[in-house]
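> Residue strings, one per chain:
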Amino acid sequence: MPLALLAVLLPTLFWDRSASSADALRKAGIDRLLVPAGQEQAWRKLGFTAARFDRAGAATAVAPNVEYRMDVASATRVPWLDANGWRYDREPARAFFCDAPAGSAALAAAEAFAYGVEAAIRAAPDDLPPFAGMLRFLAGIDQPRLPVMANIGVVDNGSDTMGEVLNLLSRHNLLFHVVPAVGQKYDLNLREVPADANPYEFAMQIRRQLTDAKRLVRIYGSNVVLARLTGDPAQARLHLLNYGKAVIKGLRVRVLGSYPQGQLAAYAHPRAALEDYSVKDGATEFTISEMGAYAVADLRR
Amino acid sequence: MHRRTFLQIAAAAPAALAANDRKIPKYRVVSSFQPASPPGMPGLYPGKVVSVHGAHSIDEATEKPDPAAVREMMARGMRALTGDADVRDAWARFVAPSDVVGIKVNCSGAPGIMSSPVVVAEVVRNLMAVGIQPGGIWIYERFEDQMQSVHYDRYVPDGVHIWTAETRRGSAESYDPATYVETEFFDEDDTRSNLIRLVGNRFTKIINVPNMKDHGAAGVTGCLKNIAYGSFSNVARSHSGSVTNTYSFIGTLAAVEPLRSRTVLQVMDGLRGVWHGGPFSPSRKFRFYPKRMLFGTDPVAVDRLLLDIIDQKRKAEDAVSVWDRSAKYLGDQGDHENNPNVNQFVREPGHIEYAARLGLGVYERDKIKVASVEI
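From first to last, the protein sequence lines stand for chains A and B. Reading the first sequence from the start, the letters are residues 212 to 512 in the numbering used here. Reading the second sequence from the start, the letters are residues 20 to 394 in the numbering used here.
Bound conformation, chain A alone (with noise of 0.2 Å):
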């Protein structure tokens, strides 16, 4: 694939402020821009590769974020997540928009750089050096796109609660991938959602259909991180997103498939690597030392 398209894929700054803070930019090493009608030739004569964009045609994105609402019941104490993955794949062809306050510019761009689509991203101005340093490790790892590995095949009928499903699957990392049509590839095929059933237990009702040991990814030791995963025959690709605030240090992971080798990246921790790696009954697991936002891992087989 063309260099120039990969680049596409990378998610890019949105800019509405004033040309004065043309040096904040510099100095984040961030020449690429998204900014509203009008004002690209501004930004190009200082130097910028700017693009205008729509915003108002883009669909929205929320701003990546974990709530710990202690003080409401919870079936499983696990924290509220704001993510956008399920957006992603029901819509990977459209636009996105999200407005990230200070401290979620770098997770927004890891989050639509591992579903693969076009994002604009309007990042607060104290997180220009994080954005700008994820950026420059996505590009670093950036290569290309593989096929959504699943096992869950969704038809979407576009309905609210189908949509309050899908983020609930993703939630609990049960990995689907939204296809026009039922398929055989997959171990489950989700046509349609009753409209009066509870999203949450018909979440789970997939969950015990397919049963645990059946899950193409497995996350243990934090309740805050989203997998995506992508792959084809000879090597898989799996994207963690890390919605906490916190470094997680010791993440256990199990891919369904033997993959004896394994890399990693992981943003901002370059010592970090895969420990306790193991290739057993079909599946490999693996010990991600530490991880900040988000962090890949080539497997290959």
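By construction, these hints were calculated from the structure, which means they are not laboratory data. Treat the hints with care, as some may be off.
With a straight-line cut-off of 27 Å between C-alpha atoms, the simulated DSSO-like cross-links for lysine-lysine are [to be verified]: (1) B:Lys347 - A:Lys425; (2) A:Lys491 - A:Lys425; (3) A:Lys491 - B:Lys42; (4) A:Lys425 - B:Lys304.
Label pairs and their in silico Cβ distance ranges [said to hold, decoys possible]: (5) B:Asn357 - A:Arg356: 53 to 59 Å; (6) A:Lys491 - B:Thr186: 49 to 55 Å; (7) B:Thr186 - A:Ala306: 40 to 46 Å.
Keep in mind the model is a prediction, meaning the values are calculated, not measured. Each residue gets a CB set at the ideal place from its N, CA and C atoms; glycine is no exception.
Keeping the supplied structure of chain A fixed, place chain B upon it in accordance with the hints.
Frame of chain A; chain B shown alone:
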């Protein structure tokens, strides 16, 4: 409907079920360790407990233990347990100079209640008397914030390790990815509880030093709960709503090798105790002073005595029995912490009998031989 509303509806289900209808979850135990012969639990003295009462072992006003009294209690207790005249011989039945010994303390109620540093220091002193170097002794607990408040370092010689598994809550790096119990309680995604690495990779023996405490979920927390929930990750998931799976989970964890084989001695620190609100102790009003230490190798037998101690104290305070499973006493955590007649969970003191069924010790009271020592 907003998605969070959906989740709250789902959350109501476990509470509504309450736990009269107790189910045993399906457990998958993964361990490559082989059992010792005999395993440390129930160990050399199944069904035997030495109960040592020291009238002057702790000052109730200051809550300060008397080191001399503790030393005598431990010496008498260990001699009575083993039948040895020399206390060093008694300890040498359990440890050798080449051993690396983990001392499992309990700091969850600190600073109100914890394995007393005076008691732990006396254990350390006895281990060193057998010939174990300070570097071969590890005082361990799961959570750093709890452990740090106790300051064991001020009581034990330099070189003794004071170690916690989780410097940040939830951190999994210090747990063994290959030794775990897998089960799902309440739809949680992380279905594994992993054993602390040091238990398998470093320690050759473990001495368990729990307290005498009531426990809102397990009924009481003594030897079994301290060694089980204190040596594995991700155990709080066993509670949700008013339901707790401590009934079967505690014993299941305690029976995992090598934890079961390497835990060779139980030293229950009952100088002070908690009769309500455990395992924490934010309020002194629920602390009491049994001035007692229990010695044994059989965690079930020791905990069986603990059940009576806590329940009798609760009875004396007009508090509902740890055995009462009635829904009418259920309330929220805040009420539970202040009112001894409010339960946060349907308590599961039956976890001790369940552990007996797993071979961890003797539960029937009339089969437990208690040697009482008065100082």
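> The structure should be examined with respect to each hint, and the outcome stated for every one.
Each hint tested on the structure:
1. B:Lys347 - A:Lys425: Between Lys347 of chain B and Lys425 of chain A the Cα gap is close to 42 Å, so the pair fails against 27 Å, i.e. violated.
2. A:Lys491 - A:Lys425: 14 Å, holds
3. A:Lys491 - B:Lys42: 31 Å, violated
4. A:Lys425 - B:Lys304: 52 Å, violated
5. B:Asn357 - A:Arg356: 53 to 59 Å: 58 Å, holds
6. A:Lys491 - B:Thr186: 49 to 55 Å: 30 Å, violated
7. B:Thr186 - A:Ala306: 40 to 46 Å: Distance hint for Thr186 of chain B, Ala306 of chain A holds at roughly 43 Å.
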